[in-house]
Amino acid sequence: MTDAATTAAGQGLRTQPLLEVEDLRTWFQTPGGWLKAVDGVSLTLERGKALGIVGESGSGKTVLSRSIMRLLPRRGIKTEGAVRFDGVDMMRLSPKQLRGVWGPQVAMIFQDPMTSLNPVMKIGRQITEGLRVHLDMDKAEARETAVVLLREVGIPEPDRRFDEYPHQLSGGMRQRVTIAIALACGPKLLMADEPTTALDVTVQSQILDLLQREQRDRDMSVVMVTHDLGVVAGRTDEIAVMYAGRIVEKAPTKRLFTDLRMPYTESLLNSIPKLEYRSHTRLEALGGRPPDLVNPPKGCKFSPRCPYAKDRCREEEPPLREADAPGHLFRCWYPVGSPEWAEARERLDGAAPDVPVQIG
Amino acid sequence: MAGSGTAHLRADEDVILKAEDVVVEFPVGNTGNVVHAVSGISVDLRKGETLGLVGESGCGKSTTGRAILQMPRPKSGSVVFEDTDLTTIEREQLRRTRRTLQMIFQDPISALNPRRKVREIVAEPIDIWWQEEFPRSPVSQAFERYSPWMTGLMGRLWDIAKRAMPLVAGALVFWVVSQAVEETGAEDALGWTGVAAGIVAAVAAVVVVPFVVVCVVLLAGWALLGILGPITNIPRWFKMRSQRSAFNEMADAKVREVLNAVGIDVDNALERRPHEFSGGQAQRISIARALVLEPEVIICDEPVSALDVSVQAQVLNLLEDLKTRYGLTLIFIAHDLAVVKNVSDRVAVMYLGKMCEVAPPDTLYAAPAHPYTSALLSTVPVPDPTVVPSTPEGISGELPSPIAPPSGCRFRTRCPRAEDRCAEEEPAMREIGDSHYVACHFPLAPGERPVSDEDLVATGGA
Chain A
2 MTDAATTAAG QGLRTQPLLE VEDLRTWFQT PGGWLKAVDG VSLTLERGKA
52 LGIVGESGSG KTVLSRSIMR LLPRRGIKTE GAVRFDGVDM MRLSPKQLRG
102 VWGPQVAMIF QDPMTSLNPV MKIGRQITEG LRVHLDMDKA EARETAVVLL
152 REVGIPEPDR RFDEYPHQLS GGMRQRVTIA IALACGPKLL MADEPTTALD
202 VTVQSQILDL LQREQRDRDM SVVMVTHDLG VVAGRTDEIA VMYAGRIVEK
252 APTKRLFTDL RMPYTESLLN SIPKLEYRSH TRLEALGGRP PDLVNPPKGC
302 KFSPRCPYAK DRCREEEPPL READAPGHLF RCWYPVGSPE WAEARERLDG
352 AAPDVPVQIG
Chain B
3 MAGSGTAHLR ADEDVILKAE DVVVEFPVGN TGNVVHAVSG ISVDLRKGET
53 LGLVGESGCG KSTTGRAILQ MPRPKSGSVV FEDTDLTTIE REQLRRTRRT
103 LQMIFQDPIS ALNPRRKVRE IVAEPIDIWW QEEFPRSPVS QAFERYSPWM
153 TGLMGRLWDI AKRAMPLVAG ALVFWVVSQA VEETGAEDAL GWTGVAAGIV
203 AAVAAVVVVP FVVVCVVLLA GWALLGILGP ITNIPRWFKM RSQRSAFNEM
253 ADAKVREVLN AVGIDVDNAL ERRPHEFSGG QAQRISIARA LVLEPEVIIC
303 DEPVSALDVS VQAQVLNLLE DLKTRYGLTL IFIAHDLAVV KNVSDRVAVM
353 YLGKMCEVAP PDTLYAAPAH PYTSALLSTV PVPDPTVVPS TPEGISGELP
403 SPIAPPSGCR FRTRCPRAED RCAEEEPAMR EIGDSHYVAC HFPLAPGERP
453 VSDEDLVATG GA
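Read top to bottom, the protein sequences are chains A and B. Residue 2 is where the first sequence starts when you use this note's numbering, and the numbers rise one by one after that. Residue 3 is where the second sequence starts when you use this note's numbering, and the numbers rise one by one after that.
Hints are computed from structural coordinates only; laboratory data are not their basis. Quick caveat: nothing in here was measured; it's all calculated off a predicted structure. A hint or two may mislead.
Chain B is faced by these chain A residues, among others (derived, beta-carbon under 7 Å) [stated by the list, open to error]: (1) SER58; (2) GLN169; (3) HIS228; (4) GLY231; (5) VAL232; (6) ALA234; (7) LEU270; (8) ILE273; (9) ARG279.
Where a beta carbon is used, it is the ideal one built from N, C-alpha and C, also for glycine.
Let the hints inform the model, and build the full structure from the sequences given.
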């Protein structure tokens, strides 16, 4: 069965998408009822493409990435739907089969590089471990490959660093090591869960550049999970915006920034302070908090915080529907650009100082 | 960059806080090395102004903020707040000054005591200062005032006693033996013991007995003070008790006012504990706690770094509102330049414990003069896919070790424009434009980029 799974994965047709997620649901059992962290998400990701998943904390983006990886524990969790990776249904794989997929097929980078590295193991061994298990390399060969990898991810003096422990490296260097580990077995898909949130701005751009370069060089697919639209703007092909466990807008990156439809995406974008703003520009902040996922609000989940919400939004949940451009989906009754939206916008602009204004 | 100097300090009367040449060093274990966290930073703050401090982690921006609050006290330099030099005043006086200097921390959840309710957390500062209005009796004041001194003295006396103990015990044994020898009539054979016993007795009378007497008197006196203190405080206690309910009402109103001001749903929040709140709400609560004493200066140490973008915008707007409403002066420490630009009236860029550039935000961002500022600016992620993410211009690698910082300009090891002079001579702060100061030998002209693209290609980007 292991063989069947891995060979099927290996021989996946070049034409079919690398990753297909269909109506994925991940619910957690809580004393108050089922917490619907991921509630009906469908995605496809082509080979060699990069997908950004954006949302606030609590929008379910991390749970989604872990559900795809099958990294969540089984107890108290209900998972439904299908995750097809390279033609293989990930949901049906046994833990043993999964071990064959993690590494050579899919790899993951986490937010905090300190806790994702083993503090009592030399970094060299943490890299070679996967090489030796999955690729059957001997010790010398694995070391050689690991040193090459370390050099590739931009670690100076890789030969010396090979024998160091994680605490001897800075945060940025550690994240480079976790990237080296993830890349070691040549995965087809790299999941990066907030890979730069714990890092400095200068290091952040270095790491993002590194990820982008590796993606291009290796023709690898990347899923980048983040809360910062700025991080994914220039570095992904497609962006999915999540809210309350669902995808509320999905579009090719350029399209999303020029022609967004979902008011939530608009709010997210407007709440980022931009360098071009004069200082003391009032930010268009989104009020309130993400909804309670045990008892989500009726109708559109975003309606309680939406500046344009109407009665229909509070009653009826909008379906994910297609915009006039291919691949652009959104979930809103009165999307940005519609006459109802324009009217509401005008009302807001007239009434509230909630738009960027100069205050001193 | 990474220069010293005080050219950027202003001399007008509105300046309420001025830190000059502040140096903070931390020892590295027992190695004798020190981390040069802050090496000669000068900043000043006008009333009602927001000063933004930016830099990478490890550049000493948080340490600068803390050094202003004297926690810990800087190794050298002065911090003058409203005509008092905080680095030289006494502990008690400093404690009183801290009412007007408050701080907000990065991680709001860990900054709030998880066992206490929001009501208690926010009311605690006013409660403490209300109690201060009822002076303690002179006896207990004396007890408190001298207790660190007394503890030190006791420790020293005990040290002496410990060391003298074997000698005294030996002498005692000797004396007992000599008495026994006398009784058995063997003094002819061991006559010297009698003489020695006499000496021992004399020493005991002159040294040991007075020492013990002094110790006993001190201890007894101290214990008496300790007992008398609470007793003499009884009237104070009654006085406080009689006014407690009035105070509680006042405190409750004040707590509600500040919680309202920071946008917390007061009735729901008062009886809850910090873990029941999201990061953004917890940060609002810690802002409320900082506000409750009506401070003049609030030092915000990365107040929005741990928050989501949407919540970050809420908190930034809130800080701006509160600044206007309460007439606050802020020091805003952050690593995100876009955030700092948004809130500041003046921005100071730091690198490895030194100041690089000081300017009003719009000038700084339009025409960065320091290569480091320019590099930092180019790393800000832009939410626009048409902007090709640029690698930080010429800047590569990471911060050098602050244990052995580079000579001359501290940025030279990563600077694309560095020349020999940068290694030999530390650049000083100088004015290059209208209230625009830079510490660099080769500052950028407005619009100039630190390296041209050809240079980058030629040097392989190093």
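Here is what the structure says about each hint:
no.	hint	verdict
1	SER58	holds, 5 Å
2	GLN169	violated, 12 Å
3	HIS228	holds, 5 Å
4	GLY231	holds, 3 Å
5	VAL232	holds, 5 Å
6	ALA234	holds, 5 Å
7	LEU270	holds, 6 Å
8	ILE273	holds, 5 Å
9	ARG279	holds, 6 Å
Going through the hint list in order, the structure does not satisfy hint 2, though it satisfies all others.
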